[in-house]
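J.: This is what each chain is made of:
There are 2 protein chains.
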Amino acid sequence: MKNPLIDSLVAGDAKALARCISLVENRDPRAYDILKAAYPRGRSIPVIGVTGPAGVGKSSLVDQLIANYRAAGQQVGVVAVDPSSPFSGGAILGDRIRMQRHGTDPGVFIRSMATRGKLGGISAAAFDVVDLMNASGKDSIILETVGVGQDEVDVVKIANTTIVVLMPGLGDEVQAMKAGLMEIADVLVVNKADRSDADKMEAELASVLSFFHREGTWQAPIIKTIATSGQGLEALVAAIADHGEWLKRSGTGGDRLLQQSRQRLIDALEDRILNQILEEGSDGFGVADKISAIAKRTIDPHTAVGEILAHFKSR
Amino acid sequence: MKNPLIDSLVAGDAKALARCISLVENRDPRAYDILKAAYPRGRSIPVIGVTGPAGVGKSSLVDQLIANYRAAGQQVGVVAVDPSSPFSGGAILGDRIRMQRHGTDPGVFIRSMATRGKLGGISAAAFDVVDLMNASGKDSIILETVGVGQDEVDVVKIANTTIVVLMPGLGDEVQAMKAGLMEIADVLVVNKADRSDADKMEAELASVLSFFHREGTWQAPIIKTIATSGQGLEALVAAIADHGEWLKRSGTGGDRLLQQSRQRLIDALEDRILNQILEEGSDGFGVADKISAIAKRTIDPHTAVGEILAHFKSR
Numbered sequence: 000m001k002n003p004l005i006d007s008l009v010a011g012d013a014k015a016l017a018r019c020i021s022l023v024e025n026r027d028p029r030a031y032d033i034l035k036a037a038y039p040r041g042r043s044i045p046v047i048g049v050t051g052p053a054g055v056g057k058s059s060l061v062d063q064l065i066a067n068y069r070a071a072g073q074q075v076g077v078v079a080v081d082p083s084s085p086f087s088g089g090a091i092l093g094d095r096i097r098m099q100r101h102g103t104d105p106g107v108f109i110r111s112m113a114t115r116g117k118l119g120g121i122s123a124a125a126f127d128v129v130d131l132m133n134a135s136g137k138d139s140i141i142l143e144t145v146g147v148g149q150d151e152v153d154v155v156k157i158a159n160t161t162i163v164v165l166m167p168g169l170g171d172e173v174q175a176m177k178a179g180l181m182e183i184a185d186v187l188v189v190n191k192a193d194r195s196d197a198d199k200m201e202a203e204l205a206s207v208l209s210f211f212h213r214e215g216t217w218q219a220p221i222i223k224t225i226a227t228s229g230q231g232l233e234a235l236v237a238a239i240a241d242h243g244e245w246l247k248r249s250g251t252g253g254d255r256l257l258q259q260s261r262q263r264l265i266d267a268l269e270d271r272i273l274n275q276i277l278e279e280g281s282d283g284f285g286v287a288d289k290i291s292a293i294a295k296r297t298i299d300p301h302t303a304v305g306e307i308l309a310h311f312k313s314r
Numbered sequence: 000m001k002n003p004l005i006d007s008l009v010a011g012d013a014k015a016l017a018r019c020i021s022l023v024e025n026r027d028p029r030a031y032d033i034l035k036a037a038y039p040r041g042r043s044i045p046v047i048g049v050t051g052p053a054g055v056g057k058s059s060l061v062d063q064l065i066a067n068y069r070a071a072g073q074q075v076g077v078v079a080v081d082p083s084s085p086f087s088g089g090a091i092l093g094d095r096i097r098m099q100r101h102g103t104d105p106g107v108f109i110r111s112m113a114t115r116g117k118l119g120g121i122s123a124a125a126f127d128v129v130d131l132m133n134a135s136g137k138d139s140i141i142l143e144t145v146g147v148g149q150d151e152v153d154v155v156k157i158a159n160t161t162i163v164v165l166m167p168g169l170g171d172e173v174q175a176m177k178a179g180l181m182e183i184a185d186v187l188v189v190n191k192a193d194r195s196d197a198d199k200m201e202a203e204l205a206s207v208l209s210f211f212h213r214e215g216t217w218q219a220p221i222i223k224t225i226a227t228s229g230q231g232l233e234a235l236v237a238a239i240a241d242h243g244e245w246l247k248r249s250g251t252g253g254d255r256l257l258q259q260s261r262q263r264l265i266d267a268l269e270d271r272i273l274n275q276i277l278e279e280g281s282d283g284f285g286v287a288d289k290i291s292a293i294a295k296r297t298i299d300p301h302t303a304v305g306e307i308l309a310h311f312k313s314r
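For the protein sequence lines, the chains are C and E, in the order given. For the first sequence, position 3 matches number 2 in numbering that gives the first Met the number 0, and the numbering has no gaps at all. For the second sequence, position 171 matches number 170 in numbering that gives the first Met the number 0, and the numbering has no gaps at all.
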């Protein structure tokens, strides 16, 4: 199958990459062929997730990581998962602006994605975008999320190395989430480390981490950074590289890849089945009638689903 | 069908309610019969969602709402959606403790749920829990979420009235989310209103709200509260009641019910199809082989899903 767009994508053309991502995001019918052609062209490259509560300085840190990888001659892809309205679907760019100094560098490709209102969550679309960036020849991909909700989990699903960014003096409720955050962290960053209670926080985190650590597994290092000045960035880059080496050496990378592959299958299944049933409209699923019966409480949702599935299978 | 557990549930027995919720959460085979029997027993009651960023005082506010509804003689159900690890699945109770003063009141039933690692998200299970509480005779149900991620959207899916709680002096990144938050707010609360910049924040919010407001739709009121002292609580309770009246009067309540019914169908579909395909194991879907082929990049996820679906339909 000849497809000049795919040829340009694989050749590393930024416009072709942008076009392919748009087709995928818009669920264009051509997207399937592109994804199918791009997938086997992907290489085994680091996909680095950066997550953590709002306001800790994730975007500044990503900005520094980009600069660091660029200085090492790498082509860098960045997927910034933005909070957005569930209804309007528009991404709020917010402090993406901080990364704009790389906007004119042809070695950096930055794409924002909205998180809401997608069946199958962000991960289905983000996986595809990461594949497209991979096929276009990027050497590293950074995936940044904003917030502390489901997106965090989705980052873990996609990334090889997950960086959890915290800072001294977070509120109570955010502190309560630290256990969950620390379980997903391959590298823990205490940013804004010039604040007075940074050492105290580092000590607390170290004690909690050692409590949770199991023999023979990766022990997440704690890196103190000041993203605005670049302090601690070399140590962070080294920690990411160490974790990548460990993934290979320990075989954990292979396990993680299998988990990710399973997740991709689940995401794609959700996407395909639901869209077929819900979007086909008038073809006999009787979805609209069932919805109104559920609203009237004349049928329960589980019985309704049983009927829809029986029909789905019979077609 | 005789089922003493369902009879006890409908009679308002707290132990039966707790047992039914556990069966649903654990996907016990008996859960389906219980949900089927409970569903038509549900009444049209207020389901009040409380959401907003971490640390703004949502739990304290919920505590005050419970006290208020109890004083009016209502039976109250509370579903507290907790951040939890995607891996261990355990809910971190955190400041749920603040609500414990109602723990010994038989007129209040509080249940925490974990948010992570569930196919179909929190909403599938939370919808079912709300139905069970409804069937057990609760007069109001309060659904509280922690954090500013996907859970927020899920609250909107389930609640009739969504309260978004903010406070003066939130960080930049949280501020950037306000547009999304305000779109889902039926009532906006500025908590910790004794802080110096509360009036300024109220004025800003009012100006943004009026910018977004469309003629003939509900205009979300802004209520200033100090949850720890109870200040502003009467105004908040009145605003919730006003919104409930407006839902009925305007017909919007019926539209919202249809949207919720559609969401229930989607959630239940995701749950049933995926579990059938993924958990049936060795029966011919070849899921494990496909996952390892995806990992080796010898098949792409979309093609793999096409093959699985063809098989699913042929059975």
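Think of the hints as simulated: they come from the structure by calculation, not from any bench. Heads up, some of the hints might be wrong.
[What the hints assert, rightly or not] Just a few of them, taken from the derived set where beta-carbon distance is under 8 Å, the chain C residues facing chain E:
id	residue
1	Ile44
2	Pro45
3	Arg69
4	Leu246
5	Leu264
6	Ile272
7	Asn274
8	Ala294
9	His301
10	Ile307
11	Ala309
[Stated by the list, open to error] Just some of the chain E residues that point at chain C, by a computed CB distance under 7 Å:
id	residue
12	Pro39
13	Arg42
14	Gly250
15	Ile290
16	Ile293
17	His301
[Stated by the list, open to error] Distance condition first, Cα-Cα at most 30 Å in a straight line; then the derived DSS-like pairs of lysine-lysine:
id	chain 1	residue 1	chain 2	residue 2
18	E	Lys223	C	Lys289
19	C	Lys35	E	Lys199
20	C	Lys295	E	Lys199
21	C	Lys289	C	Lys312
22	C	Lys312	E	Lys247
23	E	Lys295	C	Lys289
24	E	Lys35	E	Lys1
25	C	Lys35	C	Lys14
Just so you know, even glycine gets a beta-carbon here, dropped at the ideal spot from N, CA and C.
J.: Looking back at the numbered hints, which does the structure fail to meet, lowest number first?
T.: 1, 2, 3, 4, 7, 11, 13, 14, 18, 19, 20, 22 and 23
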